[in-house]
Amino acid sequence: MNPIDGLLTGFATVLTPGNLLLAFLGCILGMLVGILPGFGPAAASAILLPVTFALGPTGAIIVLAAILYGASYGGTVTAVLLNVPGEASSVATTLDGYQMALKGRAGPALSIAAMGSFVGCIVGLIGFVIATPLSKFALLFGPPELFAVTIFGLSIVTGLAGKSLRKALISAAIGLMVALPGLDPVSGAPRFTFQSPELFDGLSFVAVVMGLFGISELLSTIDHNIKSGRALPVGKILPTASDLKRSAGPIGRGTLIGFAMGLLPGSPGAAASFLSYVTEKRLSKRPDEFGKGAVEGVAGPETTNNSMAISGMIPLFALGLPTSATTAIMLGAFTINGLVPGPLLFDEHPEVAWAIIASMFVGNVILLFLNIPLVRVWVLFLRLPYPVLYGVVLGFMLLGAYSLENSIFNVGVMLAFGVLGYLLRKIDVPLAPMALTIVLGQLMERSFRQSLAMSEGSPTVFFSTPLATVLLIIALLALLYSGIRPALARRTRFARILAPKSEVPVPANISTPTSTDRNQK
Amino acid sequence: MKTTRKLLGAAMVLALATGATACTSEPTSTATTTSKYPEQGKDMTIIVPVDAGGTTDNVARALAPELAKELGINVQVLNKPGAAQQIGITQLAQSPADGYTIGFTNLPSMISGYANPARGATYTRESFTPIAGVAKSDTVVAVKPDSGISTLDDLISKAKAGTTTAAITGGALGDDDLILRQIQNATGTKFNTVPFDSGTDKMLALLGGRVDFIVGSIATVLPQVQNGQLKMVSLLAKEKNDAIPDVPVNDIGVNASANLTLSGPKGMPADVTAAIEKSIKTVLDKPDVKAAIDKTGSQTTFISASDTSSFWEEGDGKIKELISQAGAK
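Chains C and Z, in that order, give the protein sequences. As numbered in this note's numbering, the first sequence has no gaps in its residue numbers, which increase by one up to the final residue, 1284. As numbered in this note's numbering, the second sequence has no gaps in its residue numbers, which increase by one up to the final residue, 1676.
Calculated directly from the structure, the hints in this document are not laboratory data. C-beta: ideal position from N, C-alpha, C; glycine also. You can trust all of the hints, since none of them are fake.
Taking lysine-lysine and the DSSO-like style, the derived pairs with C-alpha atoms no more than 30 Å apart in a straight line are:
1) Z:LYS1483 - Z:LYS1587
2) Z:LYS1613 - Z:LYS1665
3) Z:LYS1483 - Z:LYS1416
4) C:LYS899 - Z:LYS1578
5) Z:LYS1491 - Z:LYS1642
6) Z:LYS1491 - C:LYS899
7) Z:LYS1505 - C:LYS899
8) Z:LYS1642 - C:LYS899
Stretch-level coverage of chain Z by chain C, calculated; a stretch enters the list once three of its residues show a Cβ under 8 Å from a Cβ in chain C:
9) 1401-1409
10) 1429-1435
11) 1456-1467
12) 1515-1527
13) 1532-1543
14) 1572-1579
15) 1636-1643
Please construct the entire structure, taking both the sequences and the accompanying hints into account.
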């Protein structure tokens, strides 16, 4: 069955009242899951798994998939309005999204995010339809290639620096330390686990991020002398034409970045939204606006985490291999219904496969139409007094941290990192580099040790495939560039200060400033 | 200072929050008198020490509603993943032995958890009361179809001629590693191993041609085999498996068959254990339960408490010997 026929049959199956209702419910649940900090699609899918037994394979996967991509729509809300990321992938959105909200531009931020999310998902779905060759892409990334990707990821750290490079590097170093506890990947010996089996798998990334960004935000707010009510001005809801124009590029690039990263095994995906953020910052003509409310800093990452959610399902459908906790649950749903995802699914049960894919298109349309008007509702929340709002958010965060592994330990981790994050904020150490290196640290060491295990200790393994070699060279160049860049910027500023003022008088009839004037101090 | 007072307030709230959530945490081991088992209105919890969506979880969810009907009480599945099942199993060991908390102590995979001193497990074989085995899970050797390896002998010859690499989950002295050691001991070969985090990752490594072979449960590799992407070359069990009649039983005497086993904490009253065991047997006889479990790739098999106990003891000895051979400190 060729893709077009397949899709048409799929739409026919989905556009029935029963399946439409399921898709709609899944989308609502997904958004809810995204908004509730810490409570992720994996936890929700696990809870709903028994319910999905009664739905049959098509219905079950429609709901589970809708929860997955719906969550990436919902995670933006708390990130923008409260500076508390709803999902691990929303951390990058907090960097500029919250700043936009502080300036009364929460509405445009949320709207642009919804639009970008929609584009990211739809383009991701188109890629899904031509899935099979893409699944081979995932197979190209073995341990040496992934190691090169993590080195490249390290070069992004300077892009997240903000004012002080030194503090960003301190933050990155702390992140690498946080990635240390766990079992040694090769020998299995416990390392920094303090005799506690809860640390054998390392610190839970979501718990750490919830604490570092979410709890520390709550603690910082208490610090500022705001008694009640909100200081956030509520401005326009819809984005301006300039916003839309500026977001077009980031959305386009974000889609590609998210799509590619979602296909990779080993989940470097959490770093994808950071990659998008830094890419936009480096390509922007107004890099100084980043960190102060640049709309590109919201459009890019939000699109990325959506297209990543979609492409994350491709290895499951094309190869039968689940690359994340939520897709593992989807595999369980397939198995229980006697279906085997992979090429066989498209051959033997095309109606199921295409119905699911069609449902994702429909689900995203539903979400777009839900989200744009809902921006008004979210912005209304800004009128709630701080104590009430933050009390509720804290409650959900505690619940969310517990739900990660049904364990109190993660609640403790979240709170401890909350205090750490609060202290770091007080001394102006940026938190984003730390989040990035925590993700990269574990993957970096693991892929490094795996590569050396593959070659029995020979370092030539990192150049064993053309892809690995190319990636490593790009990574090293990126690292070099990011190291030199701040120094270069300092030199040009220094040179401009020293340069003598222009002797030519400015003619009276020229009123608009030229670009050189704007850059002069 | 106002800030200090606010911070103090915040600290108190955080402390209260932690305290409150901690109070709702793991049940403590208090003895309860069992009048008649099962008591109406009480709930049974089945602890599954892995995440939702895996084989054990699927089996647990197939069993739970039927067991609930059989026992007449609510049965719920609790996922408690982490540390290669150690977290969930620790919680099981610390639960009250009243028959309302049972859990999966899959054999022999959970044995290395306590037999390996480096893992610092707080339980041993004596910490549990075996109730019943519910399914068998056989292990196979899998390779890519174009690898030129068609039998286990091919693999062994290749290993003797040069380096052969396997992708394993669990690191040194984990499940896969212990199975490989048994093969190595039986044939005098040595394999190179590359550790991965999950079954999916190790299959990706094999599919991507990074390693030569893997050992894994039939449940793990079956989807890939059905999709034509992997080939099973040898069954690491004592007898043929009807689900995969074309795969030969290995001739080097390695038996890595696993049982999905339900146990309770130690000290369960004998009549309670017997009651649960009987209910499980009844449930496993039902055709739709059998079908549901078989779909996960394991084979529904009822194994009595005493047979489970012997299997456990045998596995215990074998694994402890392998670990001491490996020279674990």
